[in-house]
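J.: Residue strings, one per chain:
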Amino acid sequence: MIVAEQKPLEEIRRMIDPYARVLILGCGTCMTVCGAGGEREVSFLHAALRVAQAKGGDRAHDISEYTVKRQCDLEFLDVLADRVQETDVILSLGCGVGVQVIAERFPDTPVLPGINTSFMGAASEWGIWDERCAACGDCRLDETAGICPITRCTKGILNGPCAGPKNGKCEANKDVDCAWILIYRRLERLGQLEKMRRYYPPRNFRTIPRPRRIVTRVKREPGESNGQVAV
Amino acid sequence: MYPPNADTLKRPSFDDSLVPPCQAACPLHMEIREYVDLIAQGRVMEALQVIRDGNPFPSICAYVCTHPCEDACRRSEVDKPIAIRALKRFAVEFGGDRMISLEASTAHPEKVAIVGSGPAGLAAAYYLRKLGYPVTIFEAHSELGGMLRVGIPKYRLPREVLEAEVQRLIQMGVEIRTNTRVVSLDLLFEMGYKAIFITVGAHQSLRLGIEGEESPGVVDGGTFLREVNLGLRPSVGPRVAVVGGGNVAIDAARTALRLGAKEVKILYRRSRAEMPADPAEVEQALEEGVEILFLVTPVKIAREDQHLRVTCVRLTLGEPDASGRRRPVPLEGSEFDMQFETLVSAIGQAPYIPDDFRLRIGKGSTIQVDPLTLLTNRAGVFAGGDAVTGPATVTEALAAGRRAAHRIDDYLQHRYPLLGKDAKESSIGDLLPRTAQTVKKKTRQEPPVLPPEERTKDFRPVELIYRWETATDEARRCLRCGAGAEILFQDKCATCLTCLRVCPYHVPYVDASGTIQIPADQCQACGICVAECPAKAIVLRKPYDRRQVSEELDHALRSAAQSKSKPLIVGFCCQYGLFGSGTLAALWRRAQAGIWIVPVLCIAKLEDEHLLRALEMGAEGVFIAGCGDQCARENTAFWVAQRVEKVRKVMAQLGLQPERLQVLQLHANDEDPLKPMDEFTQQIARLYLDSTIKQEVKS
Numbered sequence: 018m019i020v021a022e023q024k025p026l027e028e029i030r031r032m033i034d035p036y037a038r039v040l041i042l043g044c045g046t047c048m049t050v051c052g053a054g055g056e057r058e059v060s061f062l063h064a065a066l067r068v069a070q071a072k073g074g075d076r077a078h079d080i081s082e083y084t085v086k087r088q089c090d091l092e093f094l095d096v097l098a099d100r101v102q103e104t105d106v107i108l109s110l111g112c113g114v115g116v117q118v119i120a121e122r123f124p125d126t127p128v129l130p131g132i133n134t135s136f137m138g139a140a141s142e143w144g145i146w147d148e149r150c151a152a153c154g155d156c157r158l159d160e161t162a163g164i165c166p167i168t169r170c171t172k173g174i175l176n177g178p179c180a181g182p183k184n185g186k187c188e189a190n191k192d193v194d195c196a197w198i199l200i201y202r203r204l205e206r207l208g209q210l211e212k213m214r215r216y217y218p219p220r221n222f223r224t225i226p227r228p229r230r231i232v233t234r235v236k237r238e239p240g241e242s243n244g245q246v247a248v
Numbered sequence: 025m026y027p028p029n030a031d032t033l034k035r036p037s038f039d040d041s042l043v044p045p046c047q048a049a050c051p052l053h054m055e056i057r058e059y060v061d062l063i064a065q066g067r068v069m070e071a072l073q074v075i076r077d078g079n080p081f082p083s084i085c086a087y088v089c090t091h092p093c094e095d096a097c098r099r100s101e102v103d104k105p106i107a108i109r110a111l112k113r114f115a116v117e118f119g120g121d122r123m124i125s126l127e128a129s130t131a132h133p134e135k136v137a138i139v140g141s142g143p144a145g146l147a148a149a150y151y152l153r154k155l156g157y158p159v160t161i162f163e164a165h166s167e168l169g170g171m172l173r174v175g176i177p178k179y180r181l182p183r184e185v186l187e188a189e190v191q192r193l194i195q196m197g198v199e200i201r202t203n204t205r206v207v208s209l210d211l212l213f214e215m216g217y218k219a220i221f222i223t224v225g226a227h228q229s230l231r232l233g234i235e236g237e238e239s240p241g242v243v244d245g246g247t248f249l250r251e252v253n254l255g256l257r258p259s260v261g262p263r264v265a266v267v268g269g270g271n272v273a274i275d276a277a278r279t280a281l282r283l284g285a286k287e288v289k290i291l292y293r294r295s296r297a298e299m300p301a302d303p304a305e306v307e308q309a310l311e312e313g314v315e316i317l318f319l320v321t322p323v324k325i326a327r328e329d330q331h332l333r334v335t336c337v338r339l340t341l342g343e344p345d346a347s348g349r350r351r352p353v354p355l356e357g358s359e360f361d362m363q364f365e366t367l368v369s370a371i372g373q374a375p376y377i378p379d380d381f382r383l384r385i386g387k388g389s390t391i392q393v394d395p396l397t398l399l400t401n402r403a404g405v406f407a408g409g410d411a412v413t414g415p416a417t418v419t420e421a422l423a424a425g426r427r428a429a430h431r432i433d434d435y436l437q438h439r440y441p442l443l444g445k446d447a448k449e450s451s452i453g454d455l456l457p458r459t460a461q462t463v464k465k466k467t468r469q470e471p472p473v474l475p476p477e478e479r480t481k482d483f484r485p486v487e488l489i490y491r492w493e494t495a496t497d498e499a500r501r502c503l504r505c506g507a508g509a510e511i512l513f514q515d516k517c518a519t520c521l522t523c524l525r526v527c528p529y530h531v532p533y534v535d536a537s538g539t540i541q542i543p544a545d546q547c548q549a550c551g552i553c554v555a556e557c558p559a560k561a562i563v564l565r566k567p568y569d570r571r572q573v574s575e576e577l578d579h580a581l582r583s584a585a586q587s588k589s590k591p592l593i594v595g596f597c598c599q600y601g602l603f604g605s606g607t608l609a610a611l612w613r614r615a616q617a618g619i620w621i622v623p624v625l626c627i628a629k630l631e632d633e634h635l636l637r638a639l640e641m642g643a644e645g646v647f648i649a650g651c652g653d654q655c656a657r658e659n660t661a662f663w664v665a666q667r668v669e670k671v672r673k674v675m676a677q678l679g680l681q682p683e684r685l686q687v688l689q690l691h692a693n694d695e696d697p698l699k700p701m702d703e704f705t706q707q708i709a710r711l712y713l714d715s716t717i718k719q720e721v722k723s
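Residue numbers (my numbering), protein chains in the order written: chain A, 18 to 248; chain L, 25 to 723.
Only chain A is shown next, with the shape it has when bound in the complex (with noise of 0.2 angstroms):
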């Protein structure tokens, strides 16, 4: 799941500043997961600026807040035609496709993005994410037990361990366990030692085109089937 945090308040209020009307975004699914945008850090910020402009001299805006479902599909959007019409910018907490799906969608209104969208990854424990892909889109995963060396491995290497891990931690950051430890371990566990014998040639490291896009269906070119989607 998509991993993000919000951005210092400085920075927000910085941003909203030109603004008079001001529509706070969040959104329903992985923001709302992982405590960076969903319905309560909504009006948290809602009221954080409130107290700025109360407390800290900012000029007066009209705040108004709103959230919904994802805002990386356009159809969740629609009904927000109305709230946008009566705003002059908005603050999206949703991450960085939300917040391109918005600009697509609200092509008159600009579009602030309210927090940093950082990683993929997972909850460890309640209030602590850690990184796990990296979207490389070359998973490798079957030889390494499970375990990525490109997100969980600070070098990012192939054929690991490197010289450097201590008591199973990483030189560069001891309190990060050392990625190639962990993949030792549990090739072990797996009885697939053998899999560290191999040599893992480089990877592509050409730069990968972008925008990358994936295609499921047959029919190629937008606009021809019931798929389209209208903007």
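Hints in this document: simulated from the structure, not taken from any laboratory.
Capping the alpha-carbon separation at 30 angstroms, the derived lysine-lysine pairs in BS3-like fashion look like this:
hint, chain 1, residue 1, chain 2, residue 2
1, L, LYS673, A, LYS72
2, A, LYS72, A, LYS24
3, L, LYS718, A, LYS72
4, L, LYS670, A, LYS24
Fit chain L to the supplied structure of chain A, relying on the hints for placement.
T.: Frame of chain A; chain L shown alone:
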């Protein structure tokens, strides 16, 4: 459309149909959970209001109720049940029950006669009068109350209490005819009564059926207690035997002690486990020096000179009988003699119904009635209480009286009886072990009692009243079954698992379909998940808990705005425990100007937004004061710290000093709770002065 808004979608309504086990067990179905919670908050008058809504004579129940609610209480799966009856007594005494006066006006012409003035009769009179019927009570004895008057000893129910309730009935316009024994129901109908409620109780003592039972010095329990309670002082010898194991036997034994008996022995034919008397009463009797001989029964009584020679036999327990208790079997050759001056037989009582009533009599000489309508075989004649059930409890009799009143109302108004209204089943199951284990253990607080050597001197009430602090502390032990959290907005729920991860009691779980469930019968209503849910999809079932903080805050801020005192300080204080005991108000009164206190039902329910809102509305300082070690819950401080840190981060970015938001310790154990508050006030005053001077300099 997401999220559902009020204009387009019907708001989901939360489920408050869950009946807690205590309420289901109570014959009157009183809202026990509600009034216990109000007591925990120190809102005793409101608690009494709730009690009065469900019980016609709370002051009587506060003394003598056998509290089936406590037997059903799920707290016993954690440690011990809540002391519900003692808490009710506290609410009645401190809530000003004596000041309450009742009025009723007559709305119907049909007169109703009530035969017998025991709890069932009094309750029926109360409710019929409230429904607007002219009511007459016929009582054979010289005073009202039935068993409450003639059966229950004064040390368990002081007569002023009964008198006060009777006076209230008279105030309501109930006509009283004492010393009037009803011999014929036809006569009552001829007198113009349209409906009759027979509630003559079970005053006829059962006989031992042994040789010598007629000897002088042998008396039955009912007669013995009646004589004492009506003001006679029957002479008892120095050695008294009481035969039986019920409450009457215990009452007779303790009464004999108070009349001056030196040695009182109870002879009971089964063992302690089978004894039907209230265990607490048995305990108190033992403390007072009553001796109980188990598995012993008299077989012959012989009068000799000045005493009785009682031949007893020892017994052993055999197969269970029809009542499910093991049948006592005599041991051959185990006869032995004992000497007493007085023997009280208290082996049970049955109603006595005159034949002229022409009522159908069933098992145990009781009146046969339709269990739902309480109607007898004669039109317009209803019956209830011990006369129908055989000897039972006061609360059951009150419930029967209430039901009779409603059924008589239906009958007189030619309505099909509205049944099922007073039937309440609890749908709440047992606590799961993992939940029961995580609930903080708290010792049950018993109300103080007079020392045994004091209380056997006279008929003063044995049990005293809780102190205010003890009562609020005891009430806080309530688990609030069925009032817990609920995912009200399922469509908002992102299944983020926050509730599952933050719950101190391991209540929420993910079902096989991947949906998160918060089982209502396990939730402890601490409110942590409500305050943490990132989608704001969870609410507490009790509407009061849901709105409280924001409403109280708005109220405080409005009042503060009017007062214009500077600097403004907002304090969120726990309403339970110490603060609930009235100290909160006292604290506020004595505090320096500018402090506005927002009562919170546990600071774990306080959300970060509330703190920000206080700052936004002009608070120069905000403090949170929990109840500290007294807290009935785990982890409260951890969650408060989380939210305080989050808000301090915002404050730092706005140039507000973090010390403007503080968690204060104002516990009961502290010497003076005012001290940390005053220090905080002074600190905020300095900061306020600084910033004002800086602004002046700038401009």
